[in-house]
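K.L.:
Quick note, the sequences are listed as chains A and B, same order. Taking UniProt numbering, I'd label the letters of the first sequence as residues 1 to 266. Taking UniProt numbering, I'd label the letters of the second sequence as residues 1 to 266.
Since the hints were made in silico from the structure, they are not lab data. Treat the hints with caution; some may be incorrect.
[To be verified] Pairs of lysine-lysine residues, derived as DSS-like cross-links and limited to a Cα-Cα distance of at most 27 Å, are as follows: (1) Lys65/A with Lys60/B; (2) Lys23/B with Lys61/B; (3) Lys217/B with Lys65/A; (4) Lys61/A with Lys87/A; (5) Lys54/B with Lys65/B; (6) Lys242/B with Lys186/B; (7) Lys217/A with Lys65/B; (8) Lys217/B with Lys60/A; (9) Lys242/B with Lys217/A; (10) Lys60/B with Lys151/B; (11) Lys246/A with Lys217/A; (12) Lys61/A with Lys151/B; (13) Lys217/B with Lys217/A.
Owing to the predicted nature of the structure, the values given are computational and were not obtained by experimental measurement.
What follows is each chain in one-letter form.
There are 2 protein chains.
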Amino acid sequence: MGAFKMRGATNAIMQLPEDHKSKGVVTHSSGNFAQALSLAAQSLGVRAYIVMPKTAPQVKKNAVKDYGGLIIECEPTLEARELAAEKVVQTKGATFIHPSNDLNVILGQATAGKELLEDYPHLDYLFTPVGGGGLIAGTAIASKHFGKGCKVIGGEPMEADDAYRSLESGQIESNNSTNTIADGLKTQLGSINFPIIQQGVEQIIRVEETEIIHAMKLIWERMKIICEPSSAVALASLLKKKSNYKDQNIGIIISGGNVDLSELPF
Amino acid sequence: MGAFKMRGATNAIMQLPEDHKSKGVVTHSSGNFAQALSLAAQSLGVRAYIVMPKTAPQVKKNAVKDYGGLIIECEPTLEARELAAEKVVQTKGATFIHPSNDLNVILGQATAGKELLEDYPHLDYLFTPVGGGGLIAGTAIASKHFGKGCKVIGGEPMEADDAYRSLESGQIESNNSTNTIADGLKTQLGSINFPIIQQGVEQIIRVEETEIIHAMKLIWERMKIICEPSSAVALASLLKKKSNYKDQNIGIIISGGNVDLSELPF
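One chain only, chain A, in its complex shape (with noise of 0.2 Å):
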């Protein structure tokens, strides 16, 4: 479905006992991870239910839906989501997948790094974006048990730094805005994957948004791959700070084509 959070989903419906399997599984997400479970589920013949805010756009619900995952609206807040899905828990016995903060999904996110380094065995670095923190500890783990000593860097919108702060400070912090075009990395940190970012992630780097949107347009133009903002910040993260990595091997997990066509930042 054009993205690496179909390996998480994948990952962890697979690792589920058959009796839970047979009751469905359920999320809360408007992004990838939504149109990951669904489309995951499908294939696995397992039900999906995914709970979204009734103001998310028609086209992501429109992606869910041709998919298969059927789709429980509620109100636009933190709080409504968690009682929507825990209420599926509840009524239909399906199991909660967390979209980023889940062991399965974490090592189904690994599975991108371990191919990279499966290729080039030699990378001295990897770089990925940070939102939930699903994709980051994965790596982290891919790369601390098929690498050959290398280090996981992160990129991070200066408006959504949580896992910036979360570092420096030593506890999962909250993000103070989350005014960036990079929509998929709004999420937060959550109690499962930090403690594997905080042991296994080298530094986090901080980009602009002007700084995304160049990277974003350079990997349009250059590679000709349709990434999302979200997928662009790695690369954004690595160009700011070039100057360090000179001479190094250096892997960037670049993953995420959610853009409307119709509304290119450039």
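With the hints as your guide, set chain B onto chain A.
P.N.:
Below, chain B alone, put in the same frame as chain A:
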């Protein structure tokens, strides 16, 4: 450089004797082949002279310069560009390399189909766009030598259908018009690639402009690949006749992402 033309340009230069290489190569093109020959020549330490109409967009001239090509401007007529290229051959001793009607260019383009057949040996059909005929002629050769009965089909804009009409009449026909968004496909078949196409291509399917744009958008949205209209013509031709190809294994060569992101057709 983001298009299959790189393959043909590289092979054509590599096959030259050393004393020819030292005098450089020349072509006339304002499209992808101009950039491809420039970059291939630069990579191989060879000088590349590129004859371009003075009316060519500055962005294309800049791309050629960035790849180290030496631009020679001419009036925007076929006669003027052939004269200008011939002059470089005479005065510099450079070797003329035609963008599509050159056997070593054709053999270079053939590597795209060869690699696809190495990955998927059991393709029943290979679809490519048809412009000057280099790619489809190369694909026909690749299919014959590396396929298992794989047939080659070309997609061509209705508005530049010289290949379709040439196969019908049995001789090289000219384009009546070239009013198509697929600007890489306005060129004519040549004396070297036409016999190969006659022998090795099963059919040319012509498509309307709206079908080209629809296919291009589909590739952007679903495959997350930035392709130019010319590259989308092969998929457009398959979609137009898809009922004929039910349950077949089909490969499509999608290559060329030279798009002005500020002037998208959708």
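K.L.:
Where does the structure disagree with the numbered hints, that is, which hint numbers, in rising order?
P.N.:
1, 9, 10 and 12
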